[in-house]
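> Sequence:
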Amino acid sequence: MDLSRWIGHRRLTAAVWLAAMVSGGCGGQAGIAGSSFVDNEPLPADTMTVAVPEIGRYGGRFVIGQTSAPRTFNAIMANETSTTDVTNGRLFIGLADFDNITQQDTPLLAKSWETSPDGLTSTFHLRRGARFSDGHPMTAEDVMFSVQVIQDSVLHPSMQDLLRADGKAFEFSAPDSYTIVVRTAAPSALLVPIVGSIQVMPKHILEPSFKAGNFASAYSVSTAPESIVTSGPWRVKQYAPGEKTVLARNPYWFGVDPRGQRLPYLDELVFLIVPDQNTAALKFLAGDLDALDNVKPEDYKTYQDREKELDFTLYDLGPALSTNFFWFNLNTVKKPVAGKRIGDPHLDRTKYDWFSQRDFRRAVSLAVDREALIRGPFYGNAVKNWSTSTPGNKQWYTPEVKGWDHDPERARQLLAGLGFKDTNGDGFLEDPRGRPVTFNLKTNGDNAVRMALCSFIRDDLAKVGIKAIPTGVDFNTLVTNIREDFQYEAILLGLQSGVPPDPGMGQNVWRSSGPTHYWNVRQTRPETAVEARLNELMDENLRTLDSSERRRIWIEMQQLVNDECFFIWLPTLKAKVPIRNWFGNLQPSVIPHRIIWNIDRVYMKKAPRTRA
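Numbering (my numbering), first residue to last: 813 to 1424.
These are computed hints drawn from the structure, not numbers from a lab. Note that the structure is predicted; figures quoted are calculated from it, not measured. Hints are supplied without guarantee of correctness; some may be wrong.
[Said to hold, decoys possible] Pairs of lysine to aspartate or glutamate, EDC-like flavour, derived with a Cα cap of 16 Å:
(1) K1023 to D964
(2) K1152 to D1297
(3) K1388 to E1119
Make the full structure from the sequences, and use the hints.
Structure below.
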């Protein structure tokens, strides 16, 4: 699609924006003149004063595009960015936060904390007077309930793998309603961000679901918005399937600006669901979106050319902290399945035998021309990458770590060594039993870049005799394939760094028991020696407080994964995001969540330019 030939026309009447362009008033309980926001709820004893570049004014809405809808409003069970963009930090919050600009841990529900001299006991002091969106007090009981859910062995939320030290679960206690004590088997370099990222859920609402064994389905997208009680600065106002998610202020939120005005400033935060990147681009140019965080690199120049005309800025964030790669299905049966025994592959046995051979995976990686991918689907706006710690991660990027890069001749040698030959002369290989070497490569069809990557990979693999078949499906179907039914051969997706972007925040990926250990999830015990070693190294990485030693361990972990080619790494995008110039206090960052990480303090500073 050539966006430069398309011009959106959208008139916005002055009446629509009258409520948005109001002057800031003062104070916790006072209504703001001209705004739809009337704050009748008293501020708690312990407010959280948020530093803001500018004092804002109330009113208006911020609309961001989202190509996949949230799967749930249950923050503890969330495990994909389409959901966590909505839930984590918006609907629900933890004890501590992370500032993308200062890159420091900051107080949130916990107003302070301290750690014992031996590093084994940490005490968090909660704010007094904090309330959920229904006005119910938020106390240590709710934190303890959330911990209980996270540590449940049946639910096994992705967060569970973080709450461990030396293989032992963190121990939590609450000596009173405003104190949480955490004891660990060994010092943890990431204790504050790990404990701080526990999303606090309302015990008084969700405990019955947990006791009944229904917590995983609680707060589904079909739940009535008014029934979803939240701990964060926002609450759910509306969810229209396939259309949009609308968040409104939590009237009991404890965050205030330096003048004591309760945040957020905006009336609404809207996630507008669009079917694909092309539609998202059209809607942005039409004025239906205020920001877009999923931009095709081929469209960057068009955005650059249209900035002044359409009154927006294309922010260059540098190499993204999100990654691209594909992997093969090595999942084995962990629970009884009809027709299969425990330990059998979920996959067809023939293909499992190919995929489980390291040299096959290495050959596939060697076949991929990453320079061509950078020139092609990325239009030059990407860099080679061999880790979740991308070149955009200034603290943890390790340029010495490399992978199996483009060498098609060596790929052919490895495949020949496995006994693969083109026995019928059709240009494609057969295995030693005469079966064609082919597999389906799935990705989310709404992502034009990923679909293009699959096509390039298909062509590269064909040059060494492997037939890959690109298959685009719905994103939520992929999540089901990865975590539940395992009905796939290979999948191309990626990972987004945690917050903070520290390798220790990726335990659910690297530990063999993790639900995001993509190639073989939730192993009851490590099924390979390499994965057992990864578990040991993760423990060592978190146990030591010496940054240089943590770096050495992280390098070893990355190299193990790369030597095995569990992930076939692809280039990482140089991220650029367009945002309207109508808003104040926006501070887009390469760290997740890149545009909306501080949306509680963003405000509408001027009416949008009317376009003929």
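> The structure should be examined with respect to each hint, and the outcome stated for every one.
Here is what the structure says about each hint:
1. Proximity of K1023 to D964 is assessed by CA-CA distance (about 11 Å); at most 16 Å being required, the pair is judged to hold.
2. Under the criterion of a C-alpha separation no larger than 16 Å, the hint pairing K1152 with D1297 is consistent with the structure, at around 13 Å.
3. This hinted pair checks out: K1388 and E1119 have alpha carbons roughly 13 Å apart, not beyond 16 Å.
Violated hints for the displayed structure: none, as all numbered hints are satisfied.
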